[in-house]
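Heads up: the sequence shown at position 70 corresponds to 69 in numbering that gives the first Met the number 0, and the numbers run straight through without jumps.
One or more of the hints may lead you astray.
[As the list claims (entries may be wrong)] Each computed BS3-like pair below joins lysine-lysine, with the alpha-carbon atoms no more than 27 Å apart: (1) 33 x 5; (2) 5 x 32; (3) 163 x 32; (4) 5 x 142.
These are calculated hints, taken from the structure and not from any lab test.
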Amino acid sequence: MTDNSKLTVADISTPDQYQRQRPAVRRAMIDYKKNRRVALGPHVTLHFEDMMTMRYQVQEMVYAENLRGDDAIEQELAAYNPLIPDGTNLKCTLMIEVSDPDQRHQILRDLLALEQHVGIQVDGHEPVMASANNDSAESVPSKTSAVHFLCFEFQPAMIDALFKGASCSLFSNHPAYRCRVDPLPDSVSHALSQDFTPTKAH
0 MTDNSKLTVA DISTPDQYQR QRPAVRRAMI DYKKNRRVAL GPHVTLHFED MMTMRYQVQE
60 MVYAENLRGD DAIEQELAAY NPLIPDGTNL KCTLMIEVSD PDQRHQILRD LLALEQHVGI
120 QVDGHEPVMA SANNDSAESV PSKTSAVHFL CFEFQPAMID ALFKGASCSL FSNHPAYRCR
180 VDPLPDSVSH ALSQDFTPTK AH
């Protein structure tokens, strides 16, 4: 990669190049994402993003739409680069998944503003509540979107604690959806710790 936190056109293969790589890339990404995915209760899954997952998303989009030329790829990068963590935060895609259409509609109504109630807590520190970037989410005042893009900003002391092996938990304190994953599995915590830049004190 040419930058620690952003993808460039040089990082993206052409559709023809990617077609040859795609089967192996897809298999590798399935395994890679296992430790970056956390189920929060029965209906919510958080997919924590990084340079690898965003490169895969852009590459798939370029391949599916047969995009050629720097300008077209730059447009995709502009959409996906903001989802790459920058060393002081975690970023994720939150998805509300309900198979039954009628139940799904009701749950989306019940979970209005869920994105304001999701947090991560490092052991011994205050919770970090998510901030949401829902510019592209289709929401109406009476119900939430099924997809949200969240960012968790961490203080240096929290990052230092994670590098020293502190456990952390993921939770929702929404009145209609109270649940907690405590602690996060070690494999997940280790994967997410790689998204941070070590503090100077570390």
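Hint check:
Our distance criterion of 27 Å between C-alpha atoms is met by residue 33 and residue 5, whose separation comes to about 23 Å. The hinted pair formed by residue 5 and residue 32 meets the criterion: a straight-line CA distance of about 19 Å does not exceed 27 Å. Taking the CA atoms of residue 163 and residue 32, the gap is near 24 Å; set against the 27 Å cutoff, the hint holds. A C-alpha spacing of about 33 Å is found between residue 5 and residue 142, which places the hinted pair above 27 Å, so the restraint is violated.
Of the numbered hints stated above, the single one contradicted by the structure is hint 4.
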